[in-house]
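Enquirer: Sequence:
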Amino acid sequence: MTDQTQYLTTPQGRRIAHVQVPGAGPGVVFLGGFKSDMQGTKAIHLQAWAERTGRAFLRLDYSGHGQSSGAFTDGCIGDWAEDAQAVISELTTGPQVLVGSSMGGWISLLTARAMTPRIAGLVTIAAAPDFTEDSMWAGFDSTQRAGLQNEGQIALPSEYGEPYIITQKLIEDGRAHLVLRQPLQLAFPVRFLQGTADLDVDKSVALRLLEHATGPDMRLTLVDGADHRFSDVDCLALIETAVEDVIARSERNT
31 MTDQTQYLTT
41 PQGRRIAHVQ
51 VPGAGPGVVF
61 LGGFKSDMQG
71 TKAIHLQAWA
81 ERTGRAFLRL
91 DYSGHGQSSG
101 AFTDGCIGDW
111 AEDAQAVISE
121 LTTGPQVLVG
131 SSMGGWISLL
141 TARAMTPRIA
151 GLVTIAAAPD
161 FTEDSMWAGF
171 DSTQRAGLQN
181 EGQIALPSEY
191 GEPYIITQKL
201 IEDGRAHLVL
211 RQPLQLAFPV
221 RFLQGTADLD
231 VDKSVALRLL
241 EHATGPDMRL
251 TLVDGADHRF
261 SDVDCLALIE
271 TAVEDVIARS
281 ERNT
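Residue numbers (this note's numbering): 31 to 284.
Read the hints as simulated data drawn from the structure, not as lab findings.
Heads up, a few of these hints could be off.
If you anchor each label on the Cβ, the simulated ranges turn out as follows [stated by the list, open to error]: (1) Ala206 with Phe102: 13 to 21 Å; (2) Thr123 with Asp171: 44 to 52 Å; (3) Ala206 with Gly255: 31 to 39 Å; (4) Met248 with Pro193: 34 to 42 Å.
List time: in silico DSBU-like cross-link candidates among lysine-lysine, alpha-carbon distance up to 35 Å [stated by the list, open to error]: (5) Lys199 with Lys233; (6) Lys65 with Lys199; (7) Lys65 with Lys233.
All C-beta atoms in this analysis are idealised placements derived from N, C-alpha and C, irrespective of residue type, glycine included.
Full structure from sequences and hints, please.
Expert: Here is the structure:
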């Protein structure tokens, strides 16, 4: 499988690591989660699917993630959305299907809003739109909120390794990029995937997203017992099926 990491310098001066596979359009772009990287199970699995089916594919590390430049604590939602949009603008041609996992679901919604003419479809996996406000800030106690204001950051425990450092910049920038407080039009095929045993993103978030967004072809699939990783054999197969369905429907509509 191709693993030729290349780098793109964005208009903001950030150096973004990415792996790109040539193939037929519409291309597929994988957008990962908070503090994850492009070496994750879902990204690698989708690339193998793309190479097997001859589909153009792109995965990337946001700034402060993986092999890209910058410190994680310097980043925020707006920066990471800019990173994704710069890579898509510079490296792809024609319509693209966005596949957003967790925070990548939020990034994909921002990207779809900013680049609507370029988007052929959308698949989200445990999408976490507006999580800095609705999950983090809403869940902080008075001590944590004071720590953010006084120290500029706090540490949150993580099941995935070292604690997450949450900055005041991340919270404040998140408020400038909320997608569930204003109309969200998705004028292309959309598939939302969500596990019922997800401890990081409750299924109520997926239901809220489905109810809030408007579009001609949106479906939510709930997988009983699936967790936030959504990476077992059955879940990976479901992601493939969702991407193929979106591609087929987008081609039918053109």
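Enquirer: If a hint holds in the structure, say so; if it doesn't, say that too.
Expert: Status of the hints after comparison with the structure:
no. : hint                           : verdict
1   : Ala206 with Phe102: 13 to 21 Å : 19 Å, holds
2   : Thr123 with Asp171: 44 to 52 Å : 49 Å, holds
3   : Ala206 with Gly255: 31 to 39 Å : 36 Å, holds
4   : Met248 with Pro193: 34 to 42 Å : 36 Å, holds
5   : Lys199 with Lys233             : 27 Å, holds
6   : Lys65 with Lys199              : 16 Å, holds
7   : Lys65 with Lys233              : 21 Å, holds
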